[in-house]
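Each chain, written out:
2 protein chains.
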Amino acid sequence: MTAPIALRRLDAADPDFARHLDHLLSWESVSDTSVNQRVLGIIEAVRTQGDAALVEFTQRFDGLNAASMAELILPRKRLELALDRISAEQRAALETAAARVRRYHEKQKQDSWRYTEADGTVLGQQVTPLDRAGLYVPGGKASYPSSVLMNAIPAKVAGVAEVVMVVPTPRGEINELVLAAACIAGVDRVFTIGGAQAVAALAYGTESVPRVDKIVGPGNIYVATAKRHVFGQVGIDMIAGPSEILVVCDGQTDPDWIAMDLFSQAEHDEDAQSILVSPDASFLEWVAESINRLLPTLERKEIVRTSLESRAALIHVADMQQACTVVNRIAPEHLELSVADPESWLPHIRHAGAIFMGRYTAEALGDYCAGPNHVLPTSGTARFSSPLGVYDFQKRSSLIFCSPDGASELGKTASVLARGESLTAHARSAEYRIKE
Amino acid sequence: MTAPIALRRLDAADPDFARHLDHLLSWESVSDTSVNQRVLGIIEAVRTQGDAALVEFTQRFDGLNAASMAELILPRKRLELALDRISAEQRAALETAAARVRRYHEKQKQDSWRYTEADGTVLGQQVTPLDRAGLYVPGGKASYPSSVLMNAIPAKVAGVAEVVMVVPTPRGEINELVLAAACIAGVDRVFTIGGAQAVAALAYGTESVPRVDKIVGPGNIYVATAKRHVFGQVGIDMIAGPSEILVVCDGQTDPDWIAMDLFSQAEHDEDAQSILVSPDASFLEWVAESINRLLPTLERKEIVRTSLESRAALIHVADMQQACTVVNRIAPEHLELSVADPESWLPHIRHAGAIFMGRYTAEALGDYCAGPNHVLPTSGTARFSSPLGVYDFQKRSSLIFCSPDGASELGKTASVLARGESLTAHARSAEYRIKE
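Note that the protein sequences, when read in sequence, are chains A and B. Reminder that position 412 of the first sequence reads as 412 in the working numbering, one-by-one numbering, no gaps. Reminder that position 272 of the second sequence reads as 272 in the working numbering, one-by-one numbering, no gaps.
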């Protein structure tokens, strides 16, 4: 007999609803001074001592007996071996997922553009891929082959010439599925290093590890802190918070389906957040009943219980319009619109990382193989950021070619504005190009 | 009689060239613990005390006698007044520049897209503008009307409903050109606050200042540090380093023009960097002669001299191919290709914020009115980042609608991959959607 789970209930009609919602969503990343100091020390050691520091930290933190960097490099052949070692079913599933992810991301590729004005002046942007990207893959339990596909494929689609992966192998533990996914995704080089030292190596380069232009991929607090510090030296993706799902249901989906969708988020870790919003108060109770009935059948039931009790909520709203207001307030990473006509509500959704439309579109399908990326903005950052995509591995250069006539005309305007800012060398540089 | 300027000369044929170039480019932003602590204190005060803290900091740091926030708000009427106060010539120049910048940025607007698969599954991305953007404008000498245009216009083109500008007015000093530019660019609200307190107010909101989704615009070390700290709570643009120009010249442009182009960068501040690369060794000396002759005629000659002596270089290369290698190594913010056929070299340029093509395209034309943005990646970050653009004020939501058939097929793949990651609630959520 398991104790019933204590699920938080909120009602948007409650005068204190806004405050309760703020409290529910509040989450701040740990900013620990001692972590900070240790990470800064590690970065400095890798910058100054290169491979020697990498080998030493890997011995110390990952319990490996590697004598030199040569032992921390996995050749392409080793990735191909992993592809043989996994089951045929797993290999087929990885290949299907990779093909779908590749197809979707190819639609994101951006092209150079330009236009010519009447006087012959040409303006535009040249779009080019990054030269080299670094992909961080956690070791141990959070080592996910799907993340390898989701991070590496957009880079390769963008045309990044070299994708370098780092993955720690604590006590020599290697995840064959991760290596197989790297092989399928076209990862070029793999180093079995991790932690802040791997981030530092990718950011600054060592004798063996090439310096990259951008580092992507999830990691623990040391990895996240290191990424924050090297930001500027290299590009980074977002610093991710805990994963969240917001399900909006009209009350007509099987409550067991909704319960399992909420579980799929909660099973990630104790900080993950699952929220259900519905205008149907009875439906919320049916889902609560499903949650209680199904919870004991879950393999990760302890994690799920902690996550749901500390961070989940069932929210009653007056109608779908109010549900959309709640969605936009939360700006969720994952939004399931488990309703009859999701399309009609789409124009009302302003902020969400990914929108899963209709009763059949479980978040799990998008996590693995539908095609869109599963690296999404968390903690309300969907207000201003986007899913990881090909555009994160491309950058733009403005193009300006002024014809002699164009330069002469523009020079007059530039001269007035530059003198208004007291930047007279700017003004004179423009004035040289004005025709007599 | 002025002492000749000490200009650094480098030659790419020198075996030590790479090391000299690294040294020339080395620049690290100041990361001062005391600045950090003061900024954290200011942010905390604004978060907890709101307007009261803003008023107090503004009294203390800007020397204003404001008794309440009401005195730190400029109504739209005040912006219109500024438009009347500037000269007709200045107003026309601002309007010409704004129209050109708007036209160019309209080409950057990105649209939602989707595609439908054979089984009825729909995939795509919904592109939406940010709700609200914050624009920081420095006070005093570095208060540039052109920056107001360059930051506000892309936001308005993206469809951002509200652009909030903050600009400190130390000792009551107001820049009418800045307010006029704000009026023309369509800025919605202006607060006369600045420093870390203004950044904190935009990030968290106060009783009077609305919370924004992204903060853009340049600022001093307090502003930059505050932006770094609020990153994640809101989006931010890049933390800019000193401005730089790299001019590549085939030796056929008037050396006075090139000297003035280099000056236009150096006059920004002592840390600004101006570099000239040419395969023509004599031409480098002609430009040095022009620099020495023209320097005494500059209004900002002291700043220019310091900048050139500490950070400039004349670099001799074997040929244009080697010049391009140097460009890609530097990844300059501004690149002038002052050569006969700039188009032919474009495919060789992999990294640059903006490329000014041909002898007539002075950087100053792009700084003010050609159309492209003048907010560009500095310090080599053009390797992985882009000019400020409309895309910085739009974000994407992935769209996934699975038909019942699509969900059934995808569910099989998702199930295998989820079980491979030991995420069995994910697997079961997908399996619910598999048809019998």
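These are computed hints drawn from the structure, not numbers from a lab. Each hint should be verified, as a subset may be incorrect.
For identical chains, the list gives no copy identity; a pair is met inside one copy or between any two copies.
Straight-line alpha carbon distances no greater than 16 Å define the calculated EDC-like cross-link-like pairs of lysine to aspartate or glutamate that follow [stated by the list, open to error]:
{"no.": "1", "residue 1": "K412", "residue 2": "E106"}
{"no.": "2", "residue 1": "K77", "residue 2": "D11"}
{"no.": "3", "residue 1": "K435", "residue 2": "D16"}
{"no.": "4", "residue 1": "K435", "residue 2": "E409"}
{"no.": "5", "residue 1": "K435", "residue 2": "D405"}
{"no.": "6", "residue 1": "K107", "residue 2": "E117"}
{"no.": "7", "residue 1": "K141", "residue 2": "D341"}
{"no.": "8", "residue 1": "K156", "residue 2": "D131"}
{"no.": "9", "residue 1": "K412", "residue 2": "E89"}
{"no.": "10", "residue 1": "K107", "residue 2": "D188"}
{"no.": "11", "residue 1": "K156", "residue 2": "E207"}
{"no.": "12", "residue 1": "K156", "residue 2": "E106"}
{"no.": "13", "residue 1": "K141", "residue 2": "E162"}
{"no.": "14", "residue 1": "K107", "residue 2": "E431"}
Quick caveat: nothing in here was measured; it's all calculated off a predicted structure.
Each hint, compared with the structure:
| no. | hint | result |
| --- | --- | --- |
| 1 | K412 with E106 | neither (44 Å within a copy, 24 Å between copies) |
| 2 | K77 with D11 | neither (57 Å within a copy, 42 Å between copies) |
| 3 | K435 with D16 | neither (68 Å within a copy, 44 Å between copies) |
| 4 | K435 with E409 | within (9 Å within a copy, 68 Å between copies) |
| 5 | K435 with D405 | within (8 Å within a copy, 68 Å between copies) |
| 6 | K107 with E117 | between (29 Å within a copy, 14 Å between copies) |
| 7 | K141 with D341 | neither (38 Å within a copy, 56 Å between copies) |
| 8 | K156 with D131 | within (11 Å within a copy, 32 Å between copies) |
| 9 | K412 with E89 | between (68 Å within a copy, 10 Å between copies) |
| 10 | K107 with D188 | neither (23 Å within a copy, 35 Å between copies) |
| 11 | K156 with E207 | neither (25 Å within a copy, 47 Å between copies) |
| 12 | K156 with E106 | within (10 Å within a copy, 29 Å between copies) |
| 13 | K141 with E162 | neither (27 Å within a copy, 44 Å between copies) |
| 14 | K107 with E431 | neither (44 Å within a copy, 29 Å between copies) |
The structure shown violates the earlier hints numbered 1, 2, 3, 7, 10, 11, 13, 14.
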